[in-house]
Structure formats: structure tokens, C-alpha cells
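Colleague: Residue strings, one per chain:
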Amino acid sequence: MSFLIGCPLCGPRDNAEYRYGGEVQTRPSPGSSEADWSTYLYDRQNVAGVERAWWFHRSGCRRWFQAERDTRTNEVIRVGWTLTARATGAAADG
Amino acid sequence: MADRRLPDPAGDELRRSESIEFRFDGRRHTGLGGDTIASALAADGVDVLSRSFKYHRPRGVLCAAGSCPNCLVDVDGEPNVRACVTPISPGIRVRSQNAWPSLRRDLLSLTDRFDRFLPIGFYYKTFIRPRRLWPLYEGVLRRIAGLGRIDIRARPDLHPRKRHLHAEVAVIGGGPAGCLAALEAAGAGARVVLVDDGTRLGGHLRTRTRTLDGDPRIAGLPGPEAARRLANLVAAEPRIEYLPGATAIGIYDGGLVGIAQGSTFVRVRARRIVLATGAAERPALFDANDRPGIMLASGILRLAHLHGVRAGRRAIVVTDDDHGWRQAAELIAAGIEVAAIIDTRTATAEPAEAATVRAAGTDVLAGATVLAAVGRSRVTGLRVRVEDGTERTIAADLVAMATRPEPVVTLAAQAGLPLVFEERLAEWVPLAGSADVIVIGQMTGLVDDGLIAAGAVLAGRLAVGRDQAGGAATRHRERVAGAFAALPDPAPTALPVGRKPFVCLCEDVTTKELAQGVREGFASLETLKRYSTVTMGPCQGKQCHGNAARVTAAMRGVSRTTTGLTTYRPPVQPVPLAVLAGPHLNPVRRTALHDRHEAAGATWMDMGDWKRPLHYGDVAAECRAVHERVGLIDVSTLGKLDVRGRHAGEFLDWLHPNRFSDLRVGRIRYRAMTDDAGIILDDGTVARLGEDRYLVTTGTGSLDAVDGWLRWWLATSDRRVDVTNVTARFAAINLAGPRARDVLSRLTDLDVSPDGLRYLDAREGLVADVQTVILRIGFVGELAYELHAPADQAAHLWDALMAAGAEFGIRPFGVEAQRVLRLEKQHAIVGQDTDALSDPRGASMGWLIKADRPDFIGRDAIAALAERGPRDVLTGFEMIGTAVPAEGAAVVRDGRPIGRVTSSKWSPTLSRAIGLAWLPAEDAVEDRPITIRLGTGRGGSTAPAVVRTKPFYDPAGERVRS
Numbered sequence: 001m002s003f004l005i006g007c008p009l010c011g012p013r014d015n016a017e018y019r020y021g022g023e024v025q026t027r028p029s030p031g032s033s034e035a036d037w038s039t040y041l042y043d044r045q046n047v048a049g050v051e052r053a054w055w056f057h058r059s060g061c062r063r064w065f066q067a068e069r070d071t072r073t074n075e076v077i078r079v080g081w082t083l084t085a086r087a088t089g090a091a092a093d094g
Numbered sequence: 001m002a003d004r005r006l007p008d009p010a011g012d013e014l015r016r017s018e019s020i021e022f023r024f025d026g027r028r029h030t031g032l033g034g035d036t037i038a039s040a041l042a043a044d045g046v047d048v049l050s051r052s053f054k055y056h057r058p059r060g061v062l063c064a065a066g067s068c069p070n071c072l073v074d075v076d077g078e079p080n081v082r083a084c085v086t087p088i089s090p091g092i093r094v095r096s097q098n099a100w101p102s103l104r105r106d107l108l109s110l111t112d113r114f115d116r117f118l119p120i121g122f123y124y125k126t127f128i129r130p131r132r133l134w135p136l137y138e139g140v141l142r143r144i145a146g147l148g149r150i151d152i153r154a155r156p157d158l159h160p161r162k163r164h165l166h167a168e169v170a171v172i173g174g175g176p177a178g179c180l181a182a183l184e185a186a187g188a189g190a191r192v193v194l195v196d197d198g199t200r201l202g203g204h205l206r207t208r209t210r211t212l213d214g215d216p217r218i219a220g221l222p223g224p225e226a227a228r229r230l231a232n233l234v235a236a237e238p239r240i241e242y243l244p245g246a247t248a249i250g251i252y253d254g255g256l257v258g259i260a261q262g263s264t265f266v267r268v269r270a271r272r273i274v275l276a277t278g279a280a281e282r283p284a285l286f287d288a289n290d291r292p293g294i295m296l297a298s299g300i301l302r303l304a305h306l307h308g309v310r311a312g313r314r315a316i317v318v319t320d321d322d323h324g325w326r327q328a329a330e331l332i333a334a335g336i337e338v339a340a341i342i343d344t345r346t347a348t349a350e351p352a353e354a355a356t357v358r359a360a361g362t363d364v365l366a367g368a369t370v371l372a373a374v375g376r377s378r379v380t381g382l383r384v385r386v387e388d389g390t391e392r393t394i395a396a397d398l399v400a401m402a403t404r405p406e407p408v409v410t411l412a413a414q415a416g417l418p419l420v421f422e423e424r425l426a427e428w429v430p431l432a433g434s435a436d437v438i439v440i441g442q443m444t445g446l447v448d449d450g451l452i453a454a455g456a457v458l459a460g461r462l463a464v465g466r467d468q469a470g471g472a473a474t475r476h477r478e479r480v481a482g483a484f485a486a487l488p489d490p491a492p493t494a495l496p497v498g499r500k501p502f503v504c505l506c507e508d509v510t511t512k513e514l515a516q517g518v519r520e521g522f523a524s525l526e527t528l529k530r531y532s533t534v535t536m537g538p539c540q541g542k543q544c545h546g547n548a549a550r551v552t553a554a555m556r557g558v559s560r561t562t563t564g565l566t567t568y569r570p571p572v573q574p575v576p577l578a579v580l581a582g583p584h585l586n587p588v589r590r591t592a593l594h595d596r597h598e599a600a601g602a603t604w605m606d607m608g609d610w611k612r613p614l615h616y617g618d619v620a621a622e623c624r625a626v627h628e629r630v631g632l633i634d635v636s637t638l639g640k641l642d643v644r645g646r647h648a649g650e651f652l653d654w655l656h657p658n659r660f661s662d663l664r665v666g667r668i669r670y671r672a673m674t675d676d677a678g679i680i681l682d683d684g685t686v687a688r689l690g691e692d693r694y695l696v697t698t699g700t701g702s703l704d705a706v707d708g709w710l711r712w713w714l715a716t717s718d719r720r721v722d723v724t725n726v727t728a729r730f731a732a733i734n735l736a737g738p739r740a741r742d743v744l745s746r747l748t749d750l751d752v753s754p755d756g757l758r759y760l761d762a763r764e765g766l767v768a769d770v771q772t773v774i775l776r777i778g779f780v781g782e783l784a785y786e787l788h789a790p791a792d793q794a795a796h797l798w799d800a801l802m803a804a805g806a807e808f809g810i811r812p813f814g815v816e817a818q819r820v821l822r823l824e825k826q827h828a829i830v831g832q833d834t835d836a837l838s839d840p841r842g843a844s845m846g847w848l849i850k851a852d853r854p855d856f857i858g859r860d861a862i863a864a865l866a867e868r869g870p871r872d873v874l875t876g877f878e879m880i881g882t883a884v885p886a887e888g889a890a891v892v893r894d895g896r897p898i899g900r901v902t903s904s905k906w907s908p909t910l911s912r913a914i915g916l917a918w919l920p921a922e923d924a925v926e927d928r929p930i931t932i933r934l935g936t937g938r939g940g941s942t943a944p945a946v947v948r949t950k951p952f953y954d955p956a957g958e959r960v961r962s
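Note that the protein sequences, when read in sequence, are chains D and G.
Anchor point for the first sequence: position 43 equals 43 in this note's numbering, and the numbering is continuous, going up by one each time.
Anchor point for the second sequence: position 501 equals 501 in this note's numbering, and the numbering is continuous, going up by one each time.
Extracted from the complex, chain D is given alone in its bound form (with noise of 0.2 Å):
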């Protein structure tokens, strides 16, 4: 683990400079069903592929973005404020 990523801010910098955030989910509207919760909550696709995932830039500008990575090269595909999925590839959303 000592991939660079590219903070859309920043430039590329240490992943040691990164908080990882987890994967891009949508939270269940208010209501939900305790199993939607429990998936929202503990559910990981734990991918071995393209995974998109909030991080933090941590010890930098202090700014979430998400970032488009392969978790079996760890090579960063793209990041952004935001990223919407794309139609092959991109991990779902949980």
C-alpha cells in the first residue's frame, strides 16, 4: 500500500496522506427496512476490480472526493468530487 493518488486539488500525493471513506453508497431514505440498514451499514462488495470509494485528503486540503481504483493493481482509473457510475466496470452501488 503505498500508491499515489491524485487528489483533484492537491495533485498526486502518498496514499498515507488519505483517509480511505469506504465505497461510494447511497444511503437508504429515512424508514428503511432494518436489512436495508444492515446492508448500507456492514455490506462491503469488497471487489477485486475497478472499486469506487470516497478518501479523504486527510493531511492536505481536507476534502472528500471519490476515486475510481482497481483494487487488484491499485491503480487510480480517475477521481473527482463526485463520480457517477459508469455503464461497464464501476463497482455498484450498495
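Wrong hints could be hidden among the right ones.
Stated by the list, open to error - Derived coverage of chain D by chain G (criterion: at least 3 residues anywhere in the stretch with Cβ under 8 Å from a Cβ of chain G; other residues may be distant):
hint: 1; region: 2 to 11
hint: 2; region: 15 to 27
hint: 3; region: 30 to 38
hint: 4; region: 53 to 61
hint: 5; region: 71 to 84
Unchecked claim - Simulated restraints, written as ranges between beta carbons of each label pair:
hint: 6; chain 1: G; residue 1: ASP448; chain 2: D; residue 2: GLY11; range: 38 to 46 Å
hint: 7; chain 1: D; residue 1: TRP81; chain 2: G; residue 2: ASP855; range: 20 to 28 Å
hint: 8; chain 1: D; residue 1: PRO30; chain 2: G; residue 2: ASP835; range: 25 to 33 Å
hint: 9; chain 1: D; residue 1: ALA48; chain 2: G; residue 2: PRO9; range: 53 to 61 Å
hint: 10; chain 1: D; residue 1: TRP81; chain 2: G; residue 2: GLU628; range: 54 to 62 Å
hint: 11; chain 1: D; residue 1: VAL47; chain 2: G; residue 2: GLU764; range: 21 to 29 Å
hint: 12; chain 1: G; residue 1: LEU136; chain 2: D; residue 2: ALA48; range: 38 to 46 Å
hint: 13; chain 1: D; residue 1: ARG78; chain 2: G; residue 2: ASP855; range: 28 to 36 Å
hint: 14; chain 1: G; residue 1: LYS125; chain 2: D; residue 2: ALA48; range: 30 to 38 Å
To be clear, the hints were calculated from the coordinates, so they are not data collected in a lab.
Just so it is clear, CB atoms sit at the ideal spot from N, CA and C, and this is done for glycine as well.
Start from chain D and add chain G according to the hints.
Modeller: Okay, now just chain G, sitting in the frame of chain D:
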């Protein structure tokens, strides 16, 4: 025994006028300046440096390059030091390892005789039953297992450091290829880091007298001179940072190279990496191939050329490749008699060096097989079967193993380059680099000086982005392919005979044991490795990985591509944990009032990065001052967030189970924050300082998490809110006690009367001429004001408060007194009294939940928890008697734990021990007797206590509101 020293000028690193005394296993030895421990001992006639791991066989220097386990020793209490690459220094005490009672008479060497009873997997198979005896087995095995002893009293003189370097190009390996690539890249303007594990640049050139051809800068020079020429060119190039004595132990994502350089750990982040890690000889396989005096030819040459030591008088060279003939010629040139050369190949065209070798009177045995080594604590000869089938013994005190060098591909594999099995080389090599990693030199299977130099120069250009896409690179690739085609046929792997042909010297694994493993079904190299522990020792597979792969393929009668290789992982070389851990470069944070506390005699405690006064010498007196008169405490470390914007109130509502948009300007409300699982994350206060402006305080340790949490929810929200961390901008002082108002009124014109500034009011104004936010809050049970002032004026404010409070007996109090006072009020501390399973109702904070809202973070979970009803709740207790239970102590019933203590203190105010504990809801009722175990262990005595659900001190809260 001076005759083991070669005459001057042999010994490139020696300073012959300097003599250095040291001890090895209690005996005094003398070496020369520039000697390593191993070279000094070799010069003094010491052949045995260690005992092997499993069979306790005597072992001596093998590689003299820090790549094998044979010379691991203990130096002044530091275990597993590589004697062959560690310089001697005056007075060091070197001890051999893995031998008892002594290196010469090691009782556990008996295992060597009983090897038939110690088959592969012996420990797995034997020590599993009867199960009840495992504690006994474990004790015995632990004594004999492991390598080296850690002396916990030893304080090695280790000062680990960390360095961070950035470079356009990192070149790993300072041989001719690495140096030329580095020079080329630097010449093109790039910043280059050149990493080499030798003491000086040049790699194998330093130990070869043969002249070079190819690159005009070094062509025609003998190796050592070429090495010096390259070193001078590198030294004259300001854009190259050369790291001597540095081992690249791993390549990680993003062009990061981890490097151990003595006690410094260097992290180099490079745009491109050029790997020039060379090739290395590996042991030949025959019975008893581990005897002292049996060395890699390169090891013998290193001792001779670098340290002026003659490793033996009469040598036999064992080879399967033209390389052996070149090495034989080099040994002769270095002044070592070569009695015979054994080339296992039959009917090969003899290489150019054959003439030199024959002229020296060397006996040539082509197509011969080495059966076994003769001799015990030093080799005395080899038993050989010659081509016609007859056997004979050749006397020698030195065996030079010079089989075809193996490309050192560890780092290339770690960098993710695919390795290809090149049939002409009979080796796995990275045939091509990637966009970021370029491979050059002998590690790509090349031997020819000219091709190596040309490839290195091309690589240097490629590394700075000057891709010679067309002509040069293509022509070079064609020449490389031609060179491979012209190589002599690789010798087939012959399986050795006899009892102990060692494949793995670290873990004492023989070909016999590998054969047994294959018969038992461990056909894949990966599983065979785990079963036999081959490649898993301190040399990290350097000496055995290739041999194990070759032998396994031959035993199974399958191709090398079928058995494959095991995964290469960092570290390439063992690294002391202290070097990896390095110093912790955490900042120490001091509040703006640090000097005032120091002057008042504070005892310090760490809270996160912060230093806080734990007390000023007398906790009871500090508590008394607050209850009876007035005290003040520095609470600057509290997190402070300025939250403002059109939707600030609504945003805070959304993130809390309670509400803030309905808070009036100038008022304060307690806050506790939950996540969507309904778990408490943090607590603090919210003061509304303006229509769109809130001051939010957090716990000292939770600021970073809370700030991140707020920003995360904002990242996907349209709400117009700005969050600014103002923690360091403002110092904060809590002034508490019945006379607090008297002190404050002397320093401000603001109306601080009970009606002018009520409990939970917030005001901004001048206090002691300092612009201050006054929050009338406190958690120590008395009238209190929290004063937030610019950090650079805080000392002035503190002094003014101390001066104004003098007539009332004001006194600073620390964290310990604050905790006692808080506990008297049963105020829980989030993180101390709560954990990752604590919800607001359980933590007796149910009163703050405002659930009648469409949404807030944690709403559904809190509702679900409410429906389920409380299980455990946090409640107060007081002890009957004077014992203070430990924090974490169990609350027990009938000997079984039913709850746990999270806070406990002696209250000087109440003269009894009090605390908070989690108890089953049905037990958390006033006056319920409970039993608390005093220690945290399993046994220990218990003491009675009773449940107290209301604050111990001023339960009605009249004093804080006064």
C-alpha cells in the same frame, strides 16, 4: 596466521596500517582497517562461523556478499548480523549463534546423525499428540527454534532515521549497467538516486581482472580500474545522489522504493525505476555441499580483492557453464592455485579462458560429477565420478562453486514485471520492462560487456522519456536475441546423490527432503515451500529459490514452466524492525498556556498529540479549590469548529439526534453525535453566536474524526455550510467555582450577573481587554465560564484571571481533578465510558433525542433500539469501603461478570470511591447492591458497592445554575 593474507595491493578496502582488535566467542582476534568480521576471522584462520538451523552443522563463509545465512552472528547483543558485510570495530564482542555449549562442540549437532528420524514435516507430524503434552512440547521447541537470541537488556546503539527522497529516476544496482544508466539519465538533466549495497560502486567489476570491452569510457580497463572510473564519473555528476551500503528491500506501488541503509530507512519516490541488480552464483548440489571451505567463486574473489584474504591454498572449481572457466582464470589471477576444474557438461567447445586455466596446470575434468565433499569442519577434497565412470577423490581445501549465474529478479518480480522462462538461459528473466520500470544488465541474462553497456545507456535515455523508439532500441533488441542464440546449451539439472545435498542452507532442507515432499503430493513449488520451509529462511530464497525450482521440476520430470516460481515478496534482505519502525515523527502540540503550566509545576500527560497538565501536585486541593472557591483549567485542546452558512442550523440538526436550528442566538446546547447505526461518536457543545454562525466544540481526540465526518456529509449535500477548524486559533480556559463570577466581573464590563448571563448563555466581549467568547458552561459541578480567546492573547488572559482571583484563593487544576469533579456529576466521557456499542439511551443520554423529525443521522437505528428496549445501561455506583476498583474491572454476580467499570476515582469531596459502570438495565436501579472485582484479572478479591443513578454531588444541579 599471516599467510592467509594476500600481499599488497590485494584488498581494495583494506587499510593495512590500522589494526583492530575484537573478540569472537571470547577469543581475541585482530583484523585490519576495512575488514569485515568475516574477512578478519578468515584471515585469522577461523573456518566455522555458525551452526546450521536444524542439524547444527558447521558452516563458514559462502557468498561474502551478505546473501546467505552462513555467517549470521550476534554482535554486542544484536542478533543475526551478517558478518561478511559488517565492518569490524574496536572492542566489539561477536558471538556465534545456534550452538551450545560452543561452536566447536555443539550438542544439538547430534540431530545431524538422526536425520532419518527428522523427515520433512517432522514437527507437524510428531508434536500434535497427545494434545495435553503440547505445553511441554512448546517449551522445548521454543528453546531450539528461532535463530539468534534477543537480549532484552541489550541496548544496541541504533538510531533509526527515516529519509524521504524524490527523484525522476531511481537506479537500483551500482554495477557497470547501473552506473552507466544513472550517468546517462543525469546527463540528460534528470535527478537520479543510485542505490548500491556495496561499499563502493562497480559491482562485480571490483572482483574481476579481465578487461572490459564495449563502452569507450571503460573499454580496455581491468575491472577494478573500470569500477573506479565509473565511481569518479558518478561522483562528478551533481544530479546523482549515490546511496552506498544501501539495499533496496522492496518496490511498491507508485514508484516507491524502500531502502535500508544502515540504520536509516530511505523511501525514494521515483518517476521511473531502472533495475540493474545483476546475477549471482548459487550453490552447486552434491552431498555435503555445505562444508566450510566450499564457497561461491564470487565469494572467494570478494575476500581476495576486497579484503586481501586467501580463502584457501588449493581450489577445485565446480561448474556447468563457461562462467566457471572465467572464474577459474580469475582465481588464478588472484593468486589461488586451481587444482582442478570440474565441468559437468560433456563435449562442449572450451571457452577462451581454457588456455589460461590449462597453462596454470589445472586438471580439467569434463563430464564429471561431484559425488560428495570430504572433510567435516573444513573441506579436504571432493569425491568425483569422472566421465568413464570411475570414482576418485581430489584433495583441496577450497571449492569454488561457479555454476551459471542466476539473474537476480526479485525486485523486477516485485515491481510486477512478468518473468519469462528463457530456454536458452534456462532461467526466468524479465524480458521487457514496463512504462515505469526498466531492466538492464546481467539480470536480463546478458553476459557480454558491450551489450550490457549499450543497453544501460539506452535505458538511461528511456528513463528520462527520450524514447529511442526506432533504430537504436530495435537494433539493440536484435543483438540481444542474437547473443541468447549464441549461448552454449544450458546444462540439464542432474539430481545429486547422497544423504545431504543442501538446497536451502537457512532451513537445512536437502534434495532428499524435497523428494519426500513431492512424493507426499506437494507438487507445486508454492505448497512444497510451505511444507518444507525451503526459501523461507533469512536469505529470503536467494541461495535456494532457483535450485529448489530446478530440482522440483527434475524430480517430477516436468518443465520449469510447470513448477513455476514462488511469489517474490519484500523484504529482499532482513531489516531490523527498529529501522522499519523508525522514529515517530508525530508533532508535540503545546497549548498557548504551556509556559504558565510549566511555571506552576504541572505534571504532564499526553492526550493525542497534545501535552496537558495532569495535575499541579495536589489533586485533592485542586478539587477543593473548585468546590469551595475558584479554579481554572486550560481546555484549549478541545476541538473547536466554526460552522456557518445559510443552512448551518439545519445541517447540525441533520447530524445530531438533538436539534440546533431552534436554538436562540446567544444560547448553548449540549450535543452528542451518532452515526447511522445509532452509536455515539462524540459529544460537546454547540453555541449559536449568530443567525448563521455556530461554535461547535468536540472532544480533544475526536476533532479530526468529527471535522472529517461533517465534511463527508457536506460532500454530497447541497446545503450552504462552511466548516472551519479554529482549534489552534483559540485558547480556552474554564473558570469554575462559587467565586468564578467575582473573578470574571473584575475583568469585564459585560453583565455577568445571574440574570445577565444565565446558565447556557453565550456572549462575546472584552475580558481583560481580550476579545473573548464567554460560554456559561461547565462539567465540574460548579458555576463556570468557558472563555475562548485568541491563542496569542491567552497568556495575558490567564495572568489576568490569576491576578483577579488571588484574593479568592484561585488555583489552576488539571485533568485528573477535572475527571474527579466530572465523575461526581456522573458526566460520562465519550470514548472512556462509551465504546463502539454505546447508543445514547444506553449511555443515559436518552433525554437529548428529538426523534419527532423526518430524518437525522441515526434516526432509524435509534428508533429500532428504543423498540428493542435497553439491555445494558451506564450508571453510577459508590463503593462500600475504601477500595477503588480498576477501570475495566468486572461487576460480578455468583462469580460471573454481568457488567464492567469504565471510570472510577476516589472523591476527596465525598470521601468515598465512586464510578460509572455498564450494568444490565434491571440492575441499574437506585440502591441496588452490586459486587465489583477489584483487579482486572481472573482471581482477586471483590468488594461491595451500590448503584447510584443520580449525580453524587449537587444532584439537582443548583450550583451550576447559581
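Colleague: Now tell me, hint by hint, if it's right for this structure.
Modeller: Cross-check of the supplied hints:
no.	hint	in the structure
1	2 to 11	holds (count 3)
2	15 to 27	holds (count 4)
3	30 to 38	holds (count 5)
4	53 to 61	holds (count 3)
5	71 to 84	holds (count 4)
6	ASP448(G) x GLY11(D): 38 to 46 Å	43 Å, holds
7	TRP81(D) x ASP855(G): 20 to 28 Å	23 Å, holds
8	PRO30(D) x ASP835(G): 25 to 33 Å	26 Å, holds
9	ALA48(D) x PRO9(G): 53 to 61 Å	59 Å, holds
10	TRP81(D) x GLU628(G): 54 to 62 Å	56 Å, holds
11	VAL47(D) x GLU764(G): 21 to 29 Å	52 Å, violated
12	LEU136(G) x ALA48(D): 38 to 46 Å	44 Å, holds
13	ARG78(D) x ASP855(G): 28 to 36 Å	31 Å, holds
14	LYS125(G) x ALA48(D): 30 to 38 Å	36 Å, holds
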